[in-house]
Structure formats: structure tokens, C-alpha cells
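Visitor: This is what each chain is made of:
Number of protein chains: 2
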Amino acid sequence: MADSEFPSYPKLPRNTINRYKPRGKYDFDTIHSIVNTCPVLHVSFPTPDPSDPFPAMIPMLGFMASFSNPQVSITEPLDLYLHGYISSRLMRLSGTSPSEEEEGLPLTIAATHLDGLVLALTPNHHSYNYRSVILHGFATPVVDADEKIWAMEKITNGVVDDRWTNTRIPPTKTEMSSTQIIKVRVVDASAKVRAGWPSDDRADMKNDELRAKTWVGVVPTWIACGAPVPSPDNKLSKVPAYLADFVSVKNKVGEQNAQLAITGSK
Amino acid sequence: MADSEFPSYPKLPRNTINRYKPRGKYDFDTIHSIVNTCPVLHVSFPTPDPSDPFPAMIPMLGFMASFSNPQVSITEPLDLYLHGYISSRLMRLSGTSPSEEEEGLPLTIAATHLDGLVLALTPNHHSYNYRSVILHGFATPVVDADEKIWAMEKITNGVVDDRWTNTRIPPTKTEMSSTQIIKVRVVDASAKVRAGWPSDDRADMKNDELRAKTWVGVVPTWIACGAPVPSPDNKLSKVPAYLADFVSVKNKVGEQNAQLAITGSK
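Top to bottom, those sequences are chains A and B. Just so we're aligned: the first sequence equals residues 1 to 266 in the UniProt record's numbering. Just so we're aligned: the second sequence equals residues 1 to 266 in the UniProt record's numbering.
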């Protein structure tokens, strides 16, 4: 921990933000919040075939928490749990070489939120408001049944709050064995956050003709949830309260975050 | 091309979808459409440091088009243009080794759209409706000024339709030299598309008590654009028509796609 007041990931050459330095963040709070509200993580890892120059990449679901210390807040050290499949390349790779058995499979994981389209006087100063995280860590399959079911609950409730207890649980033996959860021991991580208005060059700002015809500002963006659409198999006459609340809070918070990003507040 | 009627990327071991095979798509149309409507691409590449086991990953903007044949539709072979920076690791790597000078830097690129949260009777059958693409290709910096400015226009208009001509163009010499565009010659690619309702196991479907209390269906999701928020520096009294139209079409198409994904239509 670099700073006891604001616990952070270590700054290594690998994860230090060099371009737009002030956008770089290393504290647990920022990084864990971004990951735990991101519906899709992009997971990259080296392929086992040395003749294949391309890293593998898979979109996955995940959630950060601490099994050994489940009550800790997101400002404390956490592990990343990913939901994957035994038959996937990732699962087949885990623990196949002696070094991987010791440490696990090296994964790079990205979580990105798009908060707005930043429209400046020139294409050059166009940007996004965004919050993105890159994590590096070593992955191993979770074998302990208690830890596995705990992580499955976290990941399910990470998609829709309270969904776990509103479904048929616990999972059957077959479901438990066909579901793979992997635990990532995070080595380092960084976030990059862009917020605020567009900023333009002085020469363009002095160009009254340009400014008179060029709209500048931000189009806020967030992930919208529509009204839940019942399946033909659904037997409930109404959307349950926990789900209606989830949709309404998600939309409200999404729009608020996008608006707050413009004024630069957190 | 595997099929002259539906032009496609080759199916190699690297890009063949093995899990949920029917979700795999290889045609240009599907793949290029997903990439060109995705606001953030995740780009992964091997790090130059052999002692670093983690692939590098960066969120970037990109657009697929053909400079040599600019009028072709998305059902034809296209290149991927990425917007990057000279000082970034990616730029520093490009063309640094003899093999990279020949072919370019190997990149793996992901484009993912989240179309809905699929809520089943059991956590095990929960899923997302999604459209995701993984591309593999070799990247080289674009040095030709005409190709570079053409790609900058494509990428800018990929964020907001018609934005390019509604800003101060052309870019200055300084802007041209500080902006890096890289061209990816795509070697192979695949898409994976999940659409439709949740599907549950027979035993759960026969459990009337479970079905009476468990809501099943889909929460449609898409990227919402809020009303454009003018910067304090903005001089226009109204949001211009091209921008108002863009926001309104984007929201409409986003919601429509999420709804169409549920019924399984394209």
C-alpha cells in the first residue's frame, strides 16, 4: 500500500499512466468501484501456442470481493472472481505448466465505462468522458465449494441486485461442476478517468466565426435498462419490486454519473 | 472467402467458436457492423518485455473501412483503423523489430455490445444478450497524409455522424503530426451473438412453485445518450440539427436492437 490514508495498488512501470498523467488513479476505491459496476470485462492472456503471435481475448463477467474477509469495503484489498467455463481455453490453460501451477495464469483485465462524448471545436480535441481500469493478476480455478458458491452469488447479484435469492438455489451438483469460477490474485492495477468539458486551443478559441457555428459540449452516455420484458414462460403477473427497483436505480445512477462526469465531480 | 454468397473471414483454430457453436458468425456483414457501432474497442498485444507475462491492453477508438476502395459496403473486405498516440506503448512498438517491420504488430481487438440481461429460473441459466467480435490483425502506423486524414474523418464521424464537417478542419500540421492512426490488416475474425429468451432445464420448468415466484425474461439494455449539454464556452443558442438527430436516432436504434435481440431477429 503506497499510502495508508488512501489504500492503493503499487505503481509499477507496467501500470503507471504516462499519457495524461493526472487522469491516472491507483486507489482501491476508484478501481474496485469501476470493476464492480462494469457489466462486461475484457480478459486477455497469452496463448499456449508459441507460433501464435496474438494474445487471446474473451469478454467475461466478474466481481471483486474478499472471501477470507467478506465484510470488507471496496477500499480494502480484494480478489477478482471471473465466471468462466471448464471447456474454454482459459480453463484448459489454468495450471497446465509448472509455473502456472505455482502462480496461476497471467491475465490482463479491462473494465471500461463510457460517460460521455466530448465535442470540441476541432476533431483533435474530441474525447470521451470515461472511467477505465486495467488489472494484472494470476488466475486459478476456485475449487473450494463454499468459496465457489459465494462467488457465484456475488457475480449473479452483480448483474441484478438480489437476483440470487429470487431464483432456484442452491445450484445442483451438475450445475456446480459445470460452472467454473476463477479467482484472480491482483498484482497491480490502474484506473484512467477523463471528466469535464472539452478544452480547445487558444487560436481556435479566438476564432469567433468558428465558435459561432460550432457546438461544443458533452453528450452524456450511460447503459440504459428498458422495462423488463417477460418471457412467454413467465408466470408472474407483475415485475417483482427488487427488479423494478434495480432497473429504476440503474437508469437514475447511470444518468447521474454521466452528468456528474461533465462537471468534474466524482 | 469461405462462401461467395456471404463473404466471410476464414475459420482458423484461433478464431473458431467452440462453445455455443451456433452463436458463432464469420461473415463480414455481422462482424463489420458490430465493430463500427462499438464506441470503445479493447486492443491487446504482447509486451516487448519478455519478463512481463501480462499482455498489454488499451481501450481505443476505431472504424473499419477501405481506403483503396472507399465506396465498398461493409459486406466487403475492410481494414480496421485505430486512433492512437505516438507516445503510447503501441506506437513505440510498431515497427521496432524486423518481423514487425514486415508484418506489423500483432493485435487482438474486441468489440462488445450488451443487448440485455437474460434472467432465467436458475443462476446457471442466466445470460446476456450480446454481440461480440474478436479480430486478429497486424498493425502499422498510417504515414500517407491522405489516408490519415480520411481515417480521422471516418473515426470522428463514427462517434457522431457528420461531426467532422461541423468542426474546424482540416487539422493543422501540428495536429496531423501529433495524431497517430494505425491500420490493422485483419487476418481473421469471429463474432458471437446471443439473442432470445432465457432457456431453463426441464426439471425447473416442471416446478410450478418455483415458476410461480420467479420472474423470467429479459431486461433490454443499450447505450443511452442524454440531451447534449453545452459547454460554458458554447456560443450556439440551439443544439444543431445533425447532433439532435444523432442523439435521437442513436437512442431509438439502441432500444430497437435490444428489443429485436429478445425475439431473436437480427
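A hint or two may mislead.
The list treats identical chains as one, so a pair stands whether inside a single copy or across any two.
[To be verified] Listed next, the in silico DSS-like pairs over lysine-lysine satisfying Cα-Cα at most 25 Å (straight line):
#1 K213 x K238
#2 K206 x K173
#3 K213 x K154
#4 K173 x K213
#5 K154 x K173
#6 K250 x K11
#7 K235 x K25
#8 K252 x K206
#9 K250 x K21
#10 K21 x K11
#11 K11 x K252
#12 K252 x K21
#13 K235 x K206
#14 K213 x K250
#15 K235 x K213
#16 K206 x K238
#17 K213 x K21
#18 K235 x K252
#19 K206 x K21
#20 K11 x K154
#21 K206 x K11
To be clear, the hints were calculated from the coordinates, so they are not data collected in a lab.
Visitor: Treating 25 Å as the Cα threshold, decide for K213 and K154: within, between, both or neither.
Guide: between (50 Å within a copy, 21 Å between copies)
Visitor: Please sort K252 with K21 into within, between, both or neither, judging by C-alpha distance up to 25 Å.
Guide: Classified as neither; 31 Å inside a copy, 37 Å across copies.
Visitor: With identical chains treated as interchangeable, where does the CA-CA distance between K235 and K252 reach 25 Å or less: within a copy, between copies, both, or neither?
Guide: Intra 28 Å, inter 30 Å, cutoff 25 Å: neither.
Visitor: Indicate which option fits the pair K154, K173 if close means a Cα-Cα distance not exceeding 25 Å: within, between, both or neither.
Guide: For K154 and K173, the Cα distance is within 25 Å only inside one copy (19 Å; across copies 52 Å).
Visitor: With 25 Å as the alpha-carbon cut-off, assign the pair K213 and K238 to within, between, both or neither.
Guide: between (50 Å within a copy, 11 Å between copies)
Visitor: Regarding K213 and K250, is the shortest C-alpha distance of 25 Å or less found within a copy, between copies, in both, or in neither?
Guide: between (36 Å within a copy, 23 Å between copies)
Visitor: What label fits K235 with K206 when the C-alpha limit is 25 Å: within, between, both, or neither?
Guide: Intra 64 Å, inter 12 Å, cutoff 25 Å: inter-copy only.
Visitor: Between K250 and K11, at a C-alpha cutoff of 25 Å, which is it: within one copy, between copies, both, or neither?
Guide: Neither way: K250 and K11 sit 33 Å apart in one copy and 39 Å across, limit 25 Å.
Visitor: Measure nothing new, just compare the shortest in-copy and cross-copy C-alpha distances for K11 and K154 to 25 Å and report within, between, both or neither.
Guide: neither (28 Å within a copy, 36 Å between copies)
Visitor: What label fits K252 with K206 when the C-alpha limit is 25 Å: within, between, both, or neither?
Guide: Neither: 38 Å inside a chain and 37 Å across chains, both beyond 25 Å.
Visitor: Have a look at K206 and K173 and pick one of within, between, both or neither, based on CA distance no larger than 25 Å.
Guide: Only across copies: K206 and K173 sit 19 Å apart there, 69 Å inside one copy, limit 25 Å.
Visitor: Within a copy, between copies, both or neither: where do K173 and K213 come within 25 Å Cα-Cα?
Guide: Answer is between: at 23 Å across copies they meet the 25 Å cutoff, but 65 Å inside does not.
Violation of the numbered hints given earlier is confined to hints 6, 7, 8, 9, 11, 12, 17, 18, 19, 20 and 21; the remaining hints are satisfied by the structure.
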